[in-house]
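Protein sequences appear in the order of chains A and B.
Quick note on our numbering: the first sequence kicks off at 1 and runs consecutively.
Quick note on our numbering: the second sequence kicks off at 1001 and runs consecutively.
Keep in mind that the hints were calculated from the coordinates and are not lab data.
Treat the hints with caution; some may be incorrect.
As the list claims (entries may be wrong) - Cut-off 27 Å, straight-line C-alpha distance, at most; resulting in silico cross-link-like pairs (DSS-like, lysine-lysine):
id : chain 1 : residue 1 : chain 2 : residue 2
1  : A       : K165      : A       : K191
2  : A       : K101      : A       : K165
3  : B       : K1118     : A       : K191
4  : A       : K101      : B       : K1020
5  : A       : K191      : A       : K101
6  : B       : K1118     : A       : K276
7  : B       : K1118     : A       : K8
8  : A       : K191      : A       : K276
9  : A       : K165      : B       : K1020
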Amino acid sequence: MKLSLGEKTFQAFNYTILTVFSITMILPLLQMLAVSFSSPVAADSKQVYLWPIGFTLATWEQIFSNEVLWRSFGITMFVTVVGTLLSLFFTCVTAFPLSRKEFRLRRPIMFVIVLSMIFNAPMIPYFLTVRELGLMNSIWALIIPGLISTFNMIIVRTFFMNIPKELDDAARIDGCHDFRLLFQIYLPLSKPVLATIGLFYAVGYWNTFKSAVLFLQDPNLWPLQMRLRSYFTNPEEIAAVDLLIGTQAFNMTTLKAATIIFATVPILLVYPYLQKYFVKGAVLGSLKE
Amino acid sequence: MNQHTVVASKKPESLWDNMKRHWMLYIMILPGVAFFIIFKFIPLMGSVIAFQDFQIFKGLWESPWVGIDNFIYLFQYQDFYEVLRNTAIIASYGLIFSFPAPIILALLFNEVRLLAFKRTFQSLFYLPHFLSWVIVGGLVFELLAMDGIVNAIRGLFGQEAILYMQEEQWFRPIVVLSGIWKEVGWGTIIYLAAITGVNPALYEAAVIDGANRFQQVIFITLPLLFPTILVLFLLNIGNFLELGFDQIFNLLTPMTYSVGDIIETYVYRAGVLQGQYSLTTAIGIFQSVIGFALLWIFNRMARKSEQGLW
Chain A
1 MKLSLGEKTF
11 QAFNYTILTV
21 FSITMILPLL
31 QMLAVSFSSP
41 VAADSKQVYL
51 WPIGFTLATW
61 EQIFSNEVLW
71 RSFGITMFVT
81 VVGTLLSLFF
91 TCVTAFPLSR
101 KEFRLRRPIM
111 FVIVLSMIFN
121 APMIPYFLTV
131 RELGLMNSIW
141 ALIIPGLIST
151 FNMIIVRTFF
161 MNIPKELDDA
171 ARIDGCHDFR
181 LLFQIYLPLS
191 KPVLATIGLF
201 YAVGYWNTFK
211 SAVLFLQDPN
221 LWPLQMRLRS
231 YFTNPEEIAA
241 VDLLIGTQAF
251 NMTTLKAATI
261 IFATVPILLV
271 YPYLQKYFVK
281 GAVLGSLKE
Chain B
1001 MNQHTVVASK
1011 KPESLWDNMK
1021 RHWMLYIMIL
1031 PGVAFFIIFK
1041 FIPLMGSVIA
1051 FQDFQIFKGL
1061 WESPWVGIDN
1071 FIYLFQYQDF
1081 YEVLRNTAII
1091 ASYGLIFSFP
1101 APIILALLFN
1111 EVRLLAFKRT
1121 FQSLFYLPHF
1131 LSWVIVGGLV
1141 FELLAMDGIV
1151 NAIRGLFGQE
1161 AILYMQEEQW
1171 FRPIVVLSGI
1181 WKEVGWGTII
1191 YLAAITGVNP
1201 ALYEAAVIDG
1211 ANRFQQVIFI
1221 TLPLLFPTIL
1231 VLFLLNIGNF
1241 LELGFDQIFN
1251 LLTPMTYSVG
1261 DIIETYVYRA
1271 GVLQGQYSLT
1281 TAIGIFQSVI
1291 GFALLWIFNR
1301 MARKSEQGLW
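Chain B with its partners taken away, still in its complex shape (with noise of 0.2 Å):
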C-alpha cells in the first residue's frame, strides 16, 4: 500500500487522480471558494453596472448600457470634488498623524522596564479597540457636548463653551485623534513584536561603543522596524481612501457634511438610500483605481530598497 503510493508519485500526477485520492480536501474547500465567489467576486463582477444605466427591476441583464458617461457626470458633479477633497485630506491627516503614533508607543513602551507596568500599560491601551464606533462616538459627543467635560475644563479657565461637533474646523482633529485614541494601543502589537525579535547583541555592542539610549533607538531599533513600518506603510497606501464608514458616519452631523462627509458616507446617502446606483457604482471603482495605482507606485519605490509588497 505504502509502495504503492510511492511509485504512484514518480510520474505526474493528473488534477483529477489528485481530486479522487484528496477528495476530502476539495469538499472541505467547496463553502470557503463559494463564499469568496458569491460575496467578493460577484460583487466585483457586478461593478460594471457602473458603465450602464442600472434599473434596479431590469437587473444586470436588462438595464442599457451607457459606456463611460457616469464617469463623465462624475467629473463634473460638485459633490464629488467636495467628498473626493473631503477623504484626501482626512487620509492624508491619518498617514502623518495616526500612522506614526503606534510606532512611537512602541518605542515608548520599549523603555519600559518594569514589567508590571508594561503589561498594565498594554492592556489599557488595547481596550478601546474592543468598542465599537456608536461607543466611541457617542463617548466622544459626550465628553464634546456643550456640558461637556471638555467645556467645563474651559470653563475652569474662563473660556466659553464651543460646540465642537457641529463646528467644521474641529471635524477633522476629532476624526484623526478619536481614530488615535481607539486604535493606537492595538497598533502596538505588530512594532512591539518586531523589536523584540531585535538581536540583544546589537545593543550591547552599541553600548560598548559608548552609544546612549537614544542612539540606539536611532541606529539600531528605528533602521531594524523599517520592514515591518514599509509593509503596513504599503499594506495602508492601498486603502488611502477607504477610510472607516463606521467612525465617519457616528461621527458626522449635517452641520459637518461639507468639511467630514467622505466617499462611504456619501456612497451610502446617495446610492444605498437614494437609489443612484450607478453612479455611486462609479465612484467606488474610482477610489479603488486610486487606492492600487498609489500601492503600484510605492511599492516600486519601495522595491527600490528591495523591500516592496512584491
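Pulled out of the complex, with its shape left as it was, chain A reads as follows (with noise of 0.2 Å):
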C-alpha cells in the first residue's frame, strides 16, 4: 500500500508521539529505582537522571531493615492474598445463581444490586455501619466491606451466562448437583475471567488507602500505602532513623525513592503474566450489562 506525503507525515508524528508519552509513563519510576542506588549527594544535587550516581546498596540495605515497613508489607501481603481470594470466592457464588434462568429471584436481586451502583451511599453512614460492626481497627476492614465489587460481579455473571447450556444438560444428566456444577464446571471454563478480576481485585487490595484512613488509626495495622503516605508527609519518620546513625550513605530522598519502589515492585510483578486476560475481561464487563 502506497501512503501519501500526509499520511507519512501523520505516520511519523504519530509514532514519535505514542513513544514520548509512553515513555513519560514510565520514566518516574526508572527515575525513582536510579535514585534508590544513588549516593545522596548525589540525588539532592539532582544529578541523577535514569542512571545511578555513586552507586550504593545503603538505602535498600536500610528499607529491608525496616522492621515497621516490613510490617506494614506482611499486613498488605495478607490482605492482597487473602482478600482476593475470598472476594473472588463470593464473586463466583453470588454471580452463578444471577446467571441462572431457574433461579427465580435473579432478576429481582439483580435490579436491586444495579440500584445499588446508581444510589451510592454518602461516605458517613458507610463509616458509621462498618463502624457498628466493630471493624474499627482491623484489619477486615480493608477486606470486608469490599468484599464484592458489583462490577467484577456482573463480569462474572455475563461470563457464566455465555457458557453453552449443553454442558448444564449432560452434567444433570450425570446428577450433578449445583454447587458441584459451579465448582466443577463453570469455574474451571472460567479462567480467563477469574484471572482478570483476581487481578483488578488484587490491585484494588494491594493499593486499598481510603478504608485504612477511614477505619485504621492504630499505627500497627496500617498497610503499605498508609506507611507510605506517613512517610511523605512526616518525614521525620525516616529521617529519624538517619539521624541515630549519622551516616551519610543514605538520606530522606534516597528513601523515599526506594520505598516508592519497595511498594509498586511486587503488583507490577503480577501484571505481565495476566495481561493476556485483562484487557477481553475488561470489555466484556463494560459492554455488555
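Mind docking these for me? Both chains are given alone in their own frames, and the hints should help you get the complex.
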C-alpha cells in the first residue's frame, strides 16, 4: 500500500508522539529506581536521571532492615492474598445463581444490585455502619466491606451466562447438583475471567488506602500505602533513623525513592502474567450489561 | 424422573416450589445478599441521619429529628459553597480534558500498524493504572519539588523555580494532568475493543470512494464509536461530583485547600475526624441527588437519539 506524503507525515508524528508519551509513563519510576541506588549527595543535587550516580546499596539495606515497613508489607500481603481469594469465592458464588434462568429471584435481586450502583451511600453512614460492625482498627476492615465489587460480579455473571447450556444438561444427566456444577464445570471454564477480576481485586487490595484512612487509627495495623503516606507527610519518621546513625550513605530523598519502588514492584510483577486476560475481561464487563 | 420434571414445569411453579427444587442456588446467594444489604443498603438507609441531630451515643433511634434543618444550615454555610465550587470545577475539567483523552489515544493507537509497537505502547500506557494514588502523589511531589526535575528543567532556561504543589493556580491543572497520566491507557481498552469491532468492509468501501485515513476516522470510526462514548459519558455524569478521594487527598496540602478541597475530602475532615455526622451526610445526599439529576437529564437527551442507558 502506497502512502501519500500527508499520511507519511502523520505516521511519523503518531509514532513520535506515542513513543514520547509512553516513555513518560515509566520514566518517573525508572528515575526513582536510579535515585534509590544513588548516593545522597548526587540524589539531592539532581544529577541522577536514569542511571545511579555514586552507586550504593545503603538505602536498600536500610529499607530491608526497617521492621515497621516489613510489618506493613506483611499486612498488605495478607490483605491482598486473603482478600483476593475471598473476593473471588464470594463473587462467583453470588454471580452463579444470578446467571441461572431457573433462579426465580434473579431479576429482582439484579435490579436491586444495579440500583445500589446508581445510588451510592454517603461516606458517613457507610463509615458508621462499618464501625457498628466492630471493624474499627481491624485489618478485616480492609477486606470485608469491599468483598464483592458489583462491577466484577457482573463481569463474572455475563461470562457464566455465555457458557453453553448443553454442558448443564450433560452434567445434570450425570446427577450433578448446583454446587458441583459451579465448582467443577463453570469455574474451570472461567479461568480467563477469574484471572482478570482476580487481578482487579488484587490491585485494589494492594493499593487500599481510603479504607485504611477511615478505619485504621492504630499505626501498627497500617498497610503499605498508609505507611508510605505517613513517610511522605512526616519525613522525620524516616529521617529520625538517619540522624541516629549519623551516616551519609543514604538520606530522605533516596529512602523516599526506595519506598516507592518497594511498594510498587510486587504488584507490577503480577501484571505481565495476567495481561493477556485482563483486556478481554475488562471489555466483556463493560460492553455487555 | 426426567418426564416428571417436564410435567411439573407445565403449570406455573410457585416461588416456594422453586426454592425447594433449587435450594442450593438460594443458599449460594445468601452471603452475597447479606453483603449487599449490610454494606450497600443499610448505609443508604442510614442517610436519614441527615434529617436528625445525630449523636453517636444515642444512635439512630434515639437521636432527635430536625427535619431539613441541616440542609438549611448547609445552604447558609460558606464552606459548603467553596467545596461545592471546587468539586464542580475539577469535575468539569475532568469531563473536558480527561474524558476525551482515552478516545484520542485509542484513535492514535489504531493507526499504529506495527504490532510489536502497539503492544509495547499499550503495556507502558497501562502501567500507571497499577500504581496507588499514594505513590503517584509521591511521584508528583518529587517531580514538582523545589529541587525536582521540572524545576531543574526550568533552571536550564533561566527560569526561577516554582513551588508547584503549594501554589493555588497550579493545583487543578496538576489534578487533571496526573489523572490523565494515571488512567488514560487503561481508559483506551474499551474504545480499542469497539474500534476492533468495526466491519472492515466499511473502510474498504470508503477507500474506493477516495476517502483518506483522516476522513475514514471522521466519517466511519468516530460515528461507530459514538454509542460507546455516550454510554461511558452517561456512566461518568452520574458520578459527576464523586471525584476520587485518594487522588485529591494525596495531592492536597493546607496551602491549596481553597482551590482543591472537594466534597469528599471535606466530608472526611468535618465528618469522620470532627464528628459532624448529620451535616456532612446532608452534603453526601446533596451530592448523590445532583449526580442522579444530571444522569437523568443527560439520559433523556441521549434517548432522543435512542441510545440512553435505560
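Now the hints, each set against the structure:
1. A/K165 / A/K191: Judged against 27 Å, a Cα distance of about 18 Å means the pair holds.
2. A/K101 / A/K165: holds (11 Å)
3. B/K1118 / A/K191: holds (26 Å)
4. A/K101 / B/K1020: Answer holds: A/K101 to B/K1020 is near 16 Å, not above 27 Å.
5. A/K191 / A/K101: holds (23 Å)
6. B/K1118 / A/K276: holds (14 Å)
7. B/K1118 / A/K8: holds (18 Å)
8. A/K191 / A/K276: Distance of about 12 Å is within 27 Å: holds.
9. A/K165 / B/K1020: Holds - the C-alpha atoms of B/K1020 and A/K165 are around 22 Å apart, at most 27 Å.
Hint compliance for this structure: every hint is met.
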